[in-house]
Amino acid sequence: MTSLNWSLVQTAARLLGREEREAVLGDLAEAREGVRNALLGVMGLVARRQVLLWKDWRPWLAAFGVAFPCSLLLMGASLSVSWSYERLLCPELLKAASLTKGSGLFLLIYQAALLIGWSWTGGFVVGSASRRTLWVSTLLCYAPCLFCLSRYRIDSLPRACLLLFLLPAIWGVRQGLHDPIMKLAPAVLLALSVTLLTIAAWSTGAEHWWSVPKLNWNWALILPAWYLVATAGRPSAIAVRD
Amino acid sequence: MLGEFEYLIITAAAGLGDAAYGAAIREEIAATTGRKCSIGALYTTIDRLEAKGFVKTWMGEATPQRGGRAKRMVHVTPKGVQAAKNFYDAVVGVSRGASWVAGKTENAT
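Order-wise, the sequence lines are chains A and B.
Heads up, the first sequence is in our numbering, so the first residue is 1 and it goes up one at a time.
Heads up, the second sequence is in our numbering, so the first residue is 243 and it goes up one at a time.
Quick caveat, the hints were computed from the structure, so don't treat them as lab data.
Nothing here was measured: the structure is a model prediction, and the numbers come from that model.
Cβ atoms here follow ideal geometry from the backbone N, Cα and C, with glycine treated the same way.
Each hint should be verified, as a subset may be incorrect.
Unchecked claim - Now the in silico label distances, taken between C-beta atoms and shown as ranges: (1) A:V51 - B:V323: 24 to 34 Å; (2) B:V336 - A:N37: 30 to 40 Å; (3) A:N37 - B:D331: 34 to 44 Å; (4) A:I154 - B:F247: 52 to 62 Å; (5) A:N37 - B:W342: 25 to 35 Å; (6) A:T195 - B:W300: 29 to 39 Å; (7) A:R14 - B:R338: 42 to 52 Å; (8) B:W300 - A:L196: 16 to 26 Å; (9) B:D289 - A:A97: 33 to 43 Å; (10) A:V51 - B:K278: 19 to 29 Å.
Can you build the whole structure from these sequences, using the hints too?
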């Protein structure tokens, strides 16, 4: 096996867990398998592993229950934060919204805190429940982003405003991957904070929260936080490690 | 009850004893059955057997022959031995009246 071909097999084997990769590559080297057979063998094992992972409910929850729908809603929330910031910089817009500089700043901080809370908890759930299927959750998060970016038509705000939620979400994913089991007390505190902020956003009818109450789906963004409460301290709630 | 491939792996591993690991088990199965088994089928079945408590695995030593990579060693547990014995007994029992079993002829009824 040439080093180029071997590196191809090694690259494919990176999709396996560390110990399994070690054993499989060693077996292939020992059996002096041809590159085609080695590659087919590794890809076959990777495919079997992925299929087995998807027999569990957690990757489905992370990808289709959190990553995809939350990215759609969080783009709207990101845009709201950007609008509040823009308004704060423009006295005419502030006046048109019947806000003072102080209340405008409060609204911006409030919306940013809510965006961070929603994004971080969603990211944490995706990180802790996906793990080895994280690539699918990532694709399902980015797909709506790319779609919305391609149709973005707001001149006063740059396109990047849609993606403000990604920073706290990625932070949450990293935390979820690194330390997937949250203790009950911080989980409850987090869920209560996010829920109270969300309820306050409805009751004040804060501008640009996709304001028509009947169409406001942002309540769904508190669900990841309550999932963390429901699964706090339970190792069974996290996906299998490498 | 074990599946056929599970039985083959347990039997090959038991026969190899302390030298039972992925590549050796694959070679043993290929040599005795004439069928090549894929590395994917082997390792997912070993995982299943381990989850059922029929085998125990651990990472063994690395050899230069393997490019310095460690082996995944396999040891058949007493529970695995019993499961294999039950499978074997079932196969022998159900085969008793079959025409291809020694002492029988095609016309035997």
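Legend entry - Status of the given 16 to 26 Å range, CB of A:L196 versus CB of B:W300: Violated: the Cβ-Cβ distance is about 50 Å, outside 16 to 26 Å.
Legend entry - Assessment of proposed distance window 24 to 34 Å (beta carbons of A:V51, B:V323): About 30 Å separates the Cβ atoms of A:V51 and B:V323, which means 24 to 34 Å holds.
Inset, instruction - Could you see if the CB distance from A:I154 to B:F247 stays within 52 to 62 Å? - result: 59 Å, holds
Inset, instruction - Hint says 30 to 40 Å; check whether the CB-CB distance for B:V336 and A:N37 agrees. - result: Because 35 Å falls inside the window, the suggested range holds.
Inset, instruction - Hint says 19 to 29 Å; check whether the CB-CB distance for A:V51 and B:K278 agrees. - result: Cβ of A:V51 to Cβ of B:K278: about 21 Å, so the range 19 to 29 Å holds.
Inset, instruction - Could you check the hint for me, namely that A:N37 and B:D331 are 34 to 44 Å apart, CB to CB? - result: About 36 Å separates the Cβ atoms of A:N37 and B:D331, which means 34 to 44 Å holds.
Inset, instruction - Note whether the CB distance of A:N37 and B:W342 lies within 25 to 35 Å or breaks it. - result: 33 Å, holds
Legend entry - Cβ separation of A:T195 and B:W300, checked against the hinted range 29 to 39 Å: 46 Å, violated
Legend entry - B:D289 paired with A:A97, Cβ distance criterion 33 to 43 Å: Check failed, 59 Å falls outside 33 to 43 Å.
Legend entry - Distance restraint hint 42 to 52 Å, applied to the beta-carbon atoms of A:R14 and B:R338: 51 Å, holds
Checked against the numbered hints above, the structure breaks hints 6, 8, 9 and satisfies the rest.
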